[in-house]
Amino acid sequence: KAGVTQTPRYLIKTRGQQVTLSCSPISGHRSVSWYQQTPGQGLQFLFEYFSETQRNKGNFPGRFSGRQFSNSRSEMNVSTLELGDSALYLCASSLEQTDSPLHFGNGTRLTVT
Amino acid sequence: AQSVTQLDSQVPVFEEAPVELRCNYSSSVSVYLFWYVQYPNQGLQLLLKYLSGSTLVKGINGFEAEFNKSQTSFHLRKPSVHISDTAEYFCAVRDGFQKLVFGTGTRLLVSP
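If you're matching them up, the sequences are chains A and B in order. Residues 1 to 113 in our numbering are what the first sequence spells out, letter by letter. Residues 1 to 112 in our numbering are what the second sequence spells out, letter by letter.
For the record, the hints were derived by calculation from the structure and aren't laboratory data. Glycine residues also receive a C-beta, built at the ideal position from the N, C-alpha and C atoms. Hints are not guaranteed to be accurate.
[What the hints assert, rightly or not] To be clear about the criterion: a stretch of chain A counts as covered by chain B if any three or more of its residues have a C-beta under 8 Å from a C-beta of chain B, and this derived list gives those stretches:
1) 39-51
2) 95-104
[As the list claims (entries may be wrong)] Distance ranges between label pairs, derived from CB positions:
3) B:S54 - A:R67: 38 to 48 Å
4) B:L46 - A:G40: 39 to 49 Å
5) B:S54 - A:T14: 51 to 61 Å
6) B:P79 - A:E82: 41 to 51 Å
7) A:N77 - B:N41: 15 to 25 Å
Working from the sequences, and respecting the hints, build out all of it.
Structure below.
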């Protein structure tokens, strides 16, 4: 079974631009979560989607948004990029059950210059 | 609100020595606990999980962890480490449908 796939693997953007990251979950997984990982803040939860609905949301500004499609694939968008948005963005998928572990992709490394 | 504390940011150890990575959590309800490992330039890989039942949980690569409810701890152990175990290890807690909360990570450095 294929794992979680994130595209692109690397991105370089300029301040003020916007970016869209994509995530394809493991087949059969309907929950998709997004995390931001930086050396200073560690792993910070962005949001979780289940069956196209946002189920949980972290403490990030409105510039960070996401969505989930009917096939469970998910995208996250960051508008008006800031230097501090440079990070590894990780997507994870899981089954519906609360005790199901998250399975992570290899992430998208975003660099904002 | 749930939270996780990993007491050591870095743990150096010699190859074939035992290691323990410490994790304490706080939550007001029953929780599910996880340990993940991250190798450079990769995502997180699940090592093991505690859901219920036996407090000693065995995972991949020879790792195990013990759930201690009274001390709210979930320490990760390995009796003999290898160079290839060098990585960052994250403890995480989740209750119900709440988000999975991670600790700040412990960098395990194994030297020959």
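TODO: Look at the Cβ atoms of A:N77 and B:N41 and judge whether their distance stays inside 15 to 25 Å.
DONE: holds, 24 Å
Task: Coverage assertion for the stretch 95-104 of chain A with respect to chain B, Cβ distance below 8 Å, three residues required - done: holds (count 6)
Task: Residues of the stretch 39-51 of chain A with Cβ under 8 Å from chain B, three needed, outcome - done: Since 4 is at least three, the answer is holds.
Task: Outcome for the supplied range 38 to 48 Å, where the beta carbon pair is B:S54 and A:R67 - done: Cβ of B:S54 to Cβ of A:R67: about 40 Å, so the range 38 to 48 Å holds.
Task: Assessment of proposed distance window 39 to 49 Å (beta carbons of B:L46, A:G40) - done: violated, 25 Å
Open item on the list: Within 51 to 61 Å: is that where the Cβ-Cβ distance between B:S54 and A:T14 falls?
Closed with: holds, 53 Å
Open item on the list: Within 41 to 51 Å: is that where the Cβ-Cβ distance between B:P79 and A:E82 falls?
Closed with: holds, 46 Å
The structure fails to meet hint 4 from the earlier list, while all remaining hints are met.
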